[in-house]
Amino acid sequence: MTSTLPDPDTAREWLAAMVLIRRFEERAGEMYARAKIGGFLHLSIGEEATIVGAERALRDDDYLVSTYRSHGDALARGTPPEQVMAELFGKSGGCSKGHGGSMHMFDLQRRFMGGYGIVGGNLPIAAGIALACDQRGSEDVTLCTFGDGASNQGTFGETLNLAALWRLPVVFMVVNNQFGMGTSLSRHSAVTDLQRKGESLGVPGVRCDGMDILDTHRVVSEALARVREERRPLLVEAVTYRFRGHSMADPEDYRTKEEVLQWRERDPIPAFAGLLEREGTLTAEQREQIDRDATARVEEAVEFAERSPFPGPDTLYDDVYVLDGETHGWYHDPRAAGVVTNSTAHEPSQR
Amino acid sequence: MTEMRYRDALKLALREEMRRDENVVLLGEDIGVFGGAFKVTSGLLEDFGERRVRDTPISENTIVGVGVGAAMVGLRPVVELMTVNFALLAFDQIVNHAAHIHYMFGGQARVPLVVRMPQGAGHQLGPTHSHSLEAMFLHVPGLLVAVPSTPADARGLLKAAIRDENPVIFIEHESLYGVRGEVDENDEEPLRFGRARVAREGSDVTIVGVSRMALTAERAAETLAGEHGIEAEVIDPRTLRPLDLDTILRSVAKTNRCVVVEEGWPHGGVGANLAALISEQAFDDLDAPVTRVSGADVPMPYSKPLEEIAFPHEPQIVRAVLGALGHEDASTANGAPPLGSPQASVAPQ
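Those protein sequence lines, which keep their order, are chains A and B. 7 is the number of the first residue of the first sequence in our numbering; add one for each residue after it. 191 is the number of the first residue of the second sequence in our numbering; add one for each residue after it.
Please keep in mind that the hints were generated in silico from the structure rather than gathered at the bench. Bear in mind the structure is a predicted one, so any value in this text is a computation, not a measurement. Think of the CB as a built atom: it goes at the ideal place given N, C-alpha and C, for glycine as much as any other residue. Among the hints, erroneous ones may be present.
Part of the chain B face toward chain A, derived, beta carbon under 10 Å [what the hints assert, rightly or not]: (1) LEU217; (2) VAL258; (3) GLY296.
Chain A with its partners taken away, still in its complex shape:
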């Protein structure tokens, strides 16, 4: 089935969303090299069509559950780049207040229910969110993305079986970027036709071209509509490629430069921009403007992250527990939490 272009404004907005992710990730990589960002940094460069195509298929009230490669998902969902960059910087203005970092973006307001650092750990969570939606009789659907590597985890089989059994409104999207870290698909999965990997678990699959935003959007939209209507899970395989290493600390010995170049020729951003230009919905000037806007927005994000203060030592114990529930007051005593040695240094802050 062929995919049709959305209206010109929407098409240009999709392009802008992809460009924002690209420029953001490039800048994040630079900030990492300058030691502004610590830990691991997993970039989504190359996967923008998969991210934006799928996200734009969601309703505002739908839920998105993602992985440790989650900056792009947060940005696509509408989380301000300032909050995402500040989180990478470990600053208090980050979307997770500097507690989570690159792998643990979160935006409750926009129903972005998290990046998760454990491969495959997010699938049961997505099913649980879908269960709650179903229990309430709501129409909300949950989209759960994970990598090809996660399809080998026990939670993949367990969750797909349970979701099919209970007819949960969840779309599982395996983002097949060809590698589980440094192990290629054919070396980590006996079944490489990943769209079929849920069949024996009662979850039929479809495939989309994850380098093509129109195809991704069409396939995910159809899957969401079917799941919303039929009350049963589906699996979507998005075939894509990450242009950069698994994380910033990746010499990429497991693949050839030629292979990367071949995939780069299919770069989803110029591909979509070129299509829009040929269709007459994008001028060269508009294209440059989108790029300038994204670059400027990312610069603002970096400046915000620089300015945002580090979380103070008095916040170390913040949000370990919810303190306003039935057991208010019991966690203030550091001894009660088993923390003794630094009790004089860091009193848990009062809520």
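Assemble the complex: chain A is given as a structure, and chain B must be docked to it using the hints.
Just chain B, lined up with the frame of chain A:
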């Protein structure tokens, strides 16, 4: 007051909270049609229907993860795991997600989840069904840990756990399900976490008993009083996180001696933690080192005589107390040497 079994007190709590809040849902293996491996949930499927009492596939990690996700968006799931050993399959979801989500997402999400499970030896279930692992959960910031030993505490703490906004590991005991006790059915208020129960007052020694060991400690205290003229104060902490250390320290200030009794392993155990806390915070009150009586430092054996000596009984507690008091009967008291040190625990009798 009504006399009821521990399992029925748990069921009463579930029933009351399910009636009170339609967001409370039960998930677990064989909890519905089968009625629960230990019959805690029997009859609830009939009363609340299969959407609120959900039999699950045998997928512990995923069941708990589903509970986490559902809790994040407003349900109050109560997940039953068949034994504490099976919770090890769910350790990823319990630790990496249930315990950490509130913190790692900057306070935006909450996980009001209860994970119930029985623990404990005595039924010849061998090395994969019989352990006492409360120390593993106690270790994790973000979790609350309850270890009720009486029907009244089981009901009151389970109600509190379900209403709490934090994830709760609720550890029951296989040997206690049939034990009877008084429950005030008219009082529907939950208990508060972090309040120890002084099960028996005394002035000579403090015995802290965890989970079933609170009851074993009470019996040992009666023996100590009857046969040795020693009045032991027995404290059941009821919850390990938060821990009511103040009640224990007040008791130690009075008795100057403390024996901690647990069924779990000695290294890194509840007793090890308590001994450290008491030593750090009440060293001047102590006339003797804090003594630990624990399960043996072995996987739980199947064979009855071996299993019997692999977890504490009254005589070990009596002997440990006599030792802590430097009592003249210490060397002649019946029973195996106190378990606690690796040497002692592998060399019974």
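**OP:** Hint by hint, work out which the structure violates, then give me just those numbers in ascending order.
**Re:** The structure conflicts with no hint, since it agrees with every one listed earlier.
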